[in-house]
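K.L.:
Please take these sequences and the hints and turn them into a complete structure.
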Amino acid sequence: MIAALTALLGASASGCIPVRGADQLWQTTTRWVIVGEMHGTNEAPDAFANLVCLAAASGRAVTVALEYSSDDQAAIDAYLASDGGDRARAALTRLSLFTSPMQDGRGSVAFVRLFDRLRQLKMAGRISGVVASDLGRATPDGLDRDAAMARMWTAIPTSENGLVLALAGNIHAMRKPITFSGRTIVTAGSLLPARQTVTVNIEGNGGQEWNCRQDGCGPHEAGPSRAEASGITFSQDPDRRWDGSYQLGIPTTAASPALSAKPGGRSAESVR
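The numbering used here numbers the first residue of the sequence shown as 1 and each following residue consecutively.
Any given hint might turn out to be false.
Said to hold, decoys possible - Listed next, with one range per pair, are the computed distances between beta-carbon atoms:
| # | residue 1 | residue 2 | range |
| --- | --- | --- | --- |
| 1 | Asp141 | Ile17 | 40 to 46 Å |
| 2 | Ala138 | Ala227 | 29 to 35 Å |
| 3 | Gln236 | Ser100 | 36 to 42 Å |
What the hints assert, rightly or not - Result set (EDC-like, lysine to aspartate or glutamate): computed pairs, CA atoms no more than 20 Å apart in a straight line:
| # | residue 1 | residue 2 |
| --- | --- | --- |
| 4 | Lys176 | Asp144 |
| 5 | Lys122 | Asp77 |
| 6 | Lys122 | Asp83 |
| 7 | Lys122 | Asp86 |
| 8 | Lys122 | Asp72 |
In case anyone wonders, no lab produced these hints; they're calculated from the structure.
Keep in mind it's a predicted model, so treat the numbers as computed, not measured.
Just so it is clear, CB atoms sit at the ideal spot from N, CA and C, and this is done for glycine as well.
P.N.:
Laid out in structure tokens, this is it:
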């Protein structure tokens, strides 16, 4: 499925690939769909781009939110209004997530593809825009990161038919606070109106992801190999971390940093 999706990314903005269970994400009572990922794969941003396409095809008025600093909004708007050519991509990849020495996956070739897919959808009038929803200079003092993201998501103006699709790290997307080593994180997903929000976690069948660990930044194992079928399933478990699980049905591949990638989109490190 994802291989076919990748081929579609350079095609017309009208092509969406059906995903089992996706239609339940944008029921009329839902205003926010929060999609969680482990940063650093090629497949998760590609899958999110396809979800945006499907949501737009459903007739909802879609706004996208990404885990980029609100300081990046003007540069993102400029890219969405551009022709997507070399100059436009060069300007986009001057954003700090692309130039940072700590590459957590949000400055990858996969996110460049995602931005271009969103540019196509915006130019076609199929999405309203893209909101940079992470911390920025305008974030009120004392507001932590998850609270700031939730505040940005709820402040996005939408029509009665409006739908916000946000992509963030999967901890931010959790529907309940979580405690790590005695520290409780009140997640962004837990701060949204529960009856109007659906949270989904993207998972692959093992594979690799590009991130920074104790041994440095680069491709790392993305969990054990599995044999899950592709599609979105939902849980009613009161202790669930997310409302749904989006199984990709394939192993993930590591998405290398955009500024170190060879022409064609993937560096040698990402395909070893």
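K.L.:
Indicate, hint by hint, whether the structure satisfies it.
P.N.:
Against the structure, the hints come out as follows:
1. Under the hint 40 to 46 Å, the C-beta atoms of aspartate 141 and isoleucine 17, about 44 Å apart, fit the expected range.
2. Between alanine 138 and alanine 227 the beta carbon distance is about 46 Å. The supplied range of 29 to 35 Å is therefore violated.
3. Here the CB-CB span from glutamine 236 to serine 100 is close to 40 Å, well matched to the stated 36 to 42 Å.
4. Restraint check for lysine 176 and aspartate 144: satisfied, since their Cα atoms lie roughly 16 Å apart, inside the 20 Å limit.
5. Proximity of lysine 122 to aspartate 77 is assessed by CA-CA distance (about 10 Å); at most 20 Å being required, the pair is judged to hold.
6. For a cut-off of 20 Å, the pair hint linking lysine 122 to aspartate 83 stands: about 12 Å separates their Cα positions.
7. Distance hint between lysine 122 and aspartate 86 is fulfilled; the C-alpha atoms sit about 19 Å from each other, no more than 20 Å.
8. Pair hint lysine 122 plus aspartate 72 holds up; C-alpha atoms about 17 Å apart against a cutoff of 20 Å.
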